[in-house]
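Novice: Sequence:
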Amino acid sequence: MARVSGDVPTEPDGAAEGARSPERLVALSDGVYAIAMTLLVLDITIPPALDRAGFEAALAGVWPSLGAYALSFAVLAGFWRDQRSILHQVRRCDTLMVRVTLAGLDLVALLPFPTSVLSEYGGSYPAAVAVYAATIAGIGLLHLTLFLLARSRPGGMTVRSSDRTAWDGVIDLASTVPVAAASVVVAYTVSPPAALWTWLAVLPLKYLLRRFTSARYRT
1 MARVSGDVPT
11 EPDGAAEGAR
21 SPERLVALSD
31 GVYAIAMTLL
41 VLDITIPPAL
51 DRAGFEAALA
61 GVWPSLGAYA
71 LSFAVLAGFW
81 RDQRSILHQV
91 RRCDTLMVRV
101 TLAGLDLVAL
111 LPFPTSVLSE
121 YGGSYPAAVA
131 VYAATIAGIG
141 LLHLTLFLLA
151 RSRPGGMTVR
161 SSDRTAWDGV
171 IDLASTVPVA
181 AASVVVAYTV
191 SPPAALWTWL
201 AVLPLKYLLR
211 RFTSARYRT
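When the sequence shown is numbered by our numbering, its final residue is 219 and no position is left out of the sequence of numbers.
Be aware that a few hints might be false.
Computed beta-carbon distance windows for the label pairs [to be verified]:
| # | residue 1 | residue 2 | range |
| --- | --- | --- | --- |
| 1 | R92 | F55 | 50 to 58 Å |
| 2 | A60 | L39 | 17 to 25 Å |
| 3 | A194 | R99 | 32 to 40 Å |
| 4 | A201 | R52 | 33 to 41 Å |
| 5 | L66 | H88 | 28 to 36 Å |
| 6 | D94 | G31 | 21 to 29 Å |
| 7 | A127 | A74 | 20 to 28 Å |
| 8 | R92 | A134 | 27 to 35 Å |
Hints are computed from structural coordinates only; laboratory data are not their basis. Ideal placement from N, C-alpha and C gives every residue a C-beta, glycine not left out.
Could you build all of it, start to finish, from the sequences and the hints given here?
Specialist: The structure is reproduced here in structure tokens:
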């Protein structure tokens, strides 16, 4: 039964609580990430009816696309894990948190495009690396904003700021953004191919930061 304040009806407690619950955002995020990860591979094709020489040439030419796909899939997998970790720690979402989450998902859905640009032109044009890196950095910054918003809401999260689980995601996000910025600098000052190798630093950097955090929590 909906409660009434004066002549203005209000939502039932259950409906209001459901609107603030993060479960729907988690489900939406899972769907967007799944579609984006699938779309990454759709541009990787080999033309049909090739002779042996043409097939071998086409197969050799597909490696840049496979590399861009593997990189984007790994990056999206990390972002998906971090966002789920944040949202599962949230008791309730306000309007601003929903908008920040949707903005992040907007960039996630866009990522197959800069991935395609990176695979086609990343070896030659610094701008291709910059577009890709800007998209990645944008996702990371929006996720970090979501986390900080949740932390700033009274009773907004189920963990304390010193909790290791809460800050593992921040470590991941904080390591991705500077690597993205560094890759742009390397693309324009050294070469675009060198900038692509810079992205490989994301995984060992995250691993080392997690090891460092684990050691601090053990002491």
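Novice: It remains to establish, for every hint, whether it holds in the given structure.
Specialist: Verification of the hints:
no. : hint                   : in the structure
1   : R92 x F55: 50 to 58 Å  : 56 Å, holds
2   : A60 x L39: 17 to 25 Å  : 24 Å, holds
3   : A194 x R99: 32 to 40 Å : 37 Å, holds
4   : A201 x R52: 33 to 41 Å : 39 Å, holds
5   : L66 x H88: 28 to 36 Å  : 33 Å, holds
6   : D94 x G31: 21 to 29 Å  : 22 Å, holds
7   : A127 x A74: 20 to 28 Å : 23 Å, holds
8   : R92 x A134: 27 to 35 Å : 32 Å, holds
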